[in-house]
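Asker: Residue numbers (this note's numbering), protein chains in the order written: chain A, 1 to 347; chain B, 1 to 349.
Hints in this document: simulated from the structure, not taken from any laboratory.
Note that the Cβ used here is the ideal one computed from N, Cα and C, for glycine as well.
One or more hints might be untrue.
Residues from chain A shown here face chain B by an in silico Cβ test under 8 Å; the list is partial [what the hints assert, rightly or not]:
#: 1; residue: 123
#: 2; residue: 124
#: 3; residue: 125
#: 4; residue: 155
#: 5; residue: 157
#: 6; residue: 167
#: 7; residue: 201
Listed below are the simulated EDC-like cross-link pairs for lysine to aspartate or glutamate, each with C-alpha atoms no more than 20 Å apart in a straight line [said to hold, decoys possible]:
#: 8; chain 1: A; residue 1: 56; chain 2: B; residue 2: 204
#: 9; chain 1: A; residue 1: 204; chain 2: A; residue 2: 336
#: 10; chain 1: B; residue 1: 33; chain 2: A; residue 2: 125
#: 11; chain 1: A; residue 1: 171; chain 2: A; residue 2: 51
#: 12; chain 1: A; residue 1: 120; chain 2: B; residue 2: 204
#: 13; chain 1: A; residue 1: 88; chain 2: A; residue 2: 112
#: 14; chain 1: A; residue 1: 187; chain 2: A; residue 2: 176
#: 15; chain 1: A; residue 1: 197; chain 2: A; residue 2: 176
#: 16; chain 1: A; residue 1: 303; chain 2: A; residue 2: 261
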Amino acid sequence: MSTALFCFKEVSEIKPVILLLFVLSFFIAGCVFSNYEEKLSIDQPVFAEVETYNTKGNPMHAVFMRPPRRVVAVWQNSVETLLALGLKDHIVAALGVPYPECMKEEYRADYESIPLRQFKVLDTENILMLQPDFILAWYSTFTDKYTRSTDFWNSRGIHTYMAKSSMPNQKLRVMEDEYQYILDMGKIFGKENEAEKLVSQMNKEIRFVQRQTQNRIKPRTIIVELQKDHLMVYGKNTLAGDILTRVNGALVDTGDTISYEQMIDADPEVIFLVVSEESYTSAGNLVQRFYNNPALQDISAVKNHRIYITPLFMVYSSATRMYDGIRLMAEGLYPDLYKEVSAVGTH
Amino acid sequence: MAHIEKKLLVIGLLLILVVESFWFLGIGSVPLKWSQIYETINHGIFSAEPIVAPGQGAVHDIIWLLRMPRLLLAAAAGAGLAVCGAVMQAIVKNPLADPYILGISSGASLGATLSILLGVGMVFGSNFIGVCAFLGALSVSVLVLLLANIGSNANSVKLLLAGMALNTACSAITSFIVYFANTKDGIQTVVFWLMGSFAGAKWEELFFILPLTLLSILFFFSQYRILDIMLLGDQTAITLGTDLHRYRQVYLLGTSLLVGFIVAAAGMIGFVGLIVPHIIRAFAGSNHKYLLPLSALTGGILLVLADSIGRTMIPRTEIPVGIIVSIIGAPGFIYLIAKMSYGFGGDKR
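Using the sequences and the hints, build the whole thing.
Answerer: Put into structure tokens, the structure is as follows:
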């Protein structure tokens, strides 16, 4: 008797159990999914429509029938953008802000008035208990193992929006992504004028810097972040690189990383040292590592003490805080720029 | 043990699993009253509204969409891994075997690493890591079978050696990718994934995994005589009129398929497949007629317990279930080895 036949004969002894199992599976499937159709209100007029992304990384068209009233905002850019648009009363939880001092001073009081504020992102159960109608976060937030996928939230009737600049397959991150993010928030909450104002303020700042520095030599600049054993480089395809180029800096782009030897060879005149939230308080020590390293003393930026601490929230998915990123880089490249302005009045 | 009525043991374990399941539903970051849980379960079962329909309240969603799928996945994964462990130990006739011994773990790890760090397989949707891990596990299993069959028919020693060789090769490639990866988030995701978690359990996945697990367990249960013969070795089997070669291949593919699905849904959870069959042998002997159902129940109980502990041990933090299984499993296992003697196949060890 062949093996297959023998296996089949053995299996045939449990045939009734298998049959029962199938019936049971179909019954349970019926209980879970039967007659389930998402109820869409087609009579209600559409309040806002925006393009965003889902967990699979595909573009998603989001339709809002009314402005969200119970928002869970995750990460600093989400919280600050909503506060900048005057939406503090719509936020039920502000998550992912390391500490209040990171917030722009003018938003701090509003931030403190949000009922739930914490750095650690809530788990799915706690977010459900907040009964949100909108979750504003990054791509990395909406994963099955973290805070569940966009499909999960959308199937519960809860809108989601993720910042385009947080998408992992984004090859090019530019300032326009941040503008679009702010304008989308304006559209979703019916605050278009306020959003336009924020965007035009940044545009105005860029135009001002370009005008004031157009005939000057662009300083050779590198933007780096200290990693465990190497330096990560923010190149021309990053938001930081885009801001720097627009404020008339000459970006040194050596790919993803740079060694200290290459750094000596490149001899940048200015270094912007990006620090992430875990290093905000110890950023001064990180800069000292450069100044105290005997091997780096011939680098112009070290010699002239032109290394500037750049908080990550200003140059990565930064939304409204991109304004601070623009100012910080412009001032770092041309330290006399704003002094001249204050001497002759405002720009 | 002759004096223990094995059927009573099955019923006892089944009862423990049911009670533990209710306890599990009460555990979570949001405290819920027992009455709330009972009402929600009742409503979910008897309401005409499908349980995935929105607008049934936060408590409904927590119980039916978060905790219940998680409970069922933990129980199914535990049962599946324990049974696969018992079968694998019989296939290679080695008490050190577990469901991952023939390179399935390193194949799955390689698949997951490729998807997390290099973005391979993103077309497979939100669970692309799981799908890549499944494909990795299955590919390595098939390769092991092909390698072990080169020259002469695969026997337990050839299977083990082919498995070890591929294990090493896949681990080396995984380490190579991790070493050159320039993303700490990605590496963290790989590490977290390799430790296993039921946090992402979904009904859609359960409709595959639950019937597959139950059918696999029933299939292997129906094969208990052959599995018993496997412990006696190929030569004894031939004198009994059974050629084990083809059975070995069918069983190996069956276990790979099930373990692949479990890995895809929950990541890597080690130790269950190794220790549970040993624990059961200590109490109920090596006869697969009892070993398989008892292992299935004990595996389910163990993983549900481990997941409960992992979710509650440190407030607002989830410890990967793989770590908990090893922490609670290892001392118990050592105690069993030290205190009890039991047989693996015909001989006492």
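Asker: For each hint, tell me whether it holds in the structure or not.
Answerer: Taking the hints in turn, this is what the structure says about them:
1. 123: The hint holds - residue 123 of chain A has a Cβ within 8 Å of chain B, the shortest such distance being about 5 Å.
2. 124: Interface hint status for residue 124 of chain A: holds (6 Å vs cutoff 8 Å).
3. 125: This interface hint holds because 4 Å falls under the 8 Å limit.
4. 155: Residue 155 of chain A check passes; min Cβ-Cβ to chain B is 6 Å, inside 8 Å.
5. 157: Holds - the Cβ of residue 157 of chain A comes within 8 Å of chain B, reaching about 4 Å at its closest.
6. 167: 11 Å, violated
7. 201: With a closest approach of 32 Å, the residue 201 of chain A hint is violated.
8. A/56 to B/204: Within the cut-off at roughly 16 Å; holds.
9. A/204 to A/336: 19 Å, holds
10. B/33 to A/125: 15 Å, holds
11. A/171 to A/51: 18 Å, holds
12. A/120 to B/204: Since the Cα atoms of residue 120 of chain A and residue 204 of chain B sit roughly 29 Å apart, the hinted pair is violated (cutoff 20 Å).
13. A/88 to A/112: 10 Å, holds
14. A/187 to A/176: 16 Å, holds
15. A/197 to A/176: Since the Cα atoms of residue 197 of chain A and residue 176 of chain A sit roughly 15 Å apart, the hinted pair holds (cutoff 20 Å).
16. A/303 to A/261: Within the cut-off at roughly 16 Å; holds.
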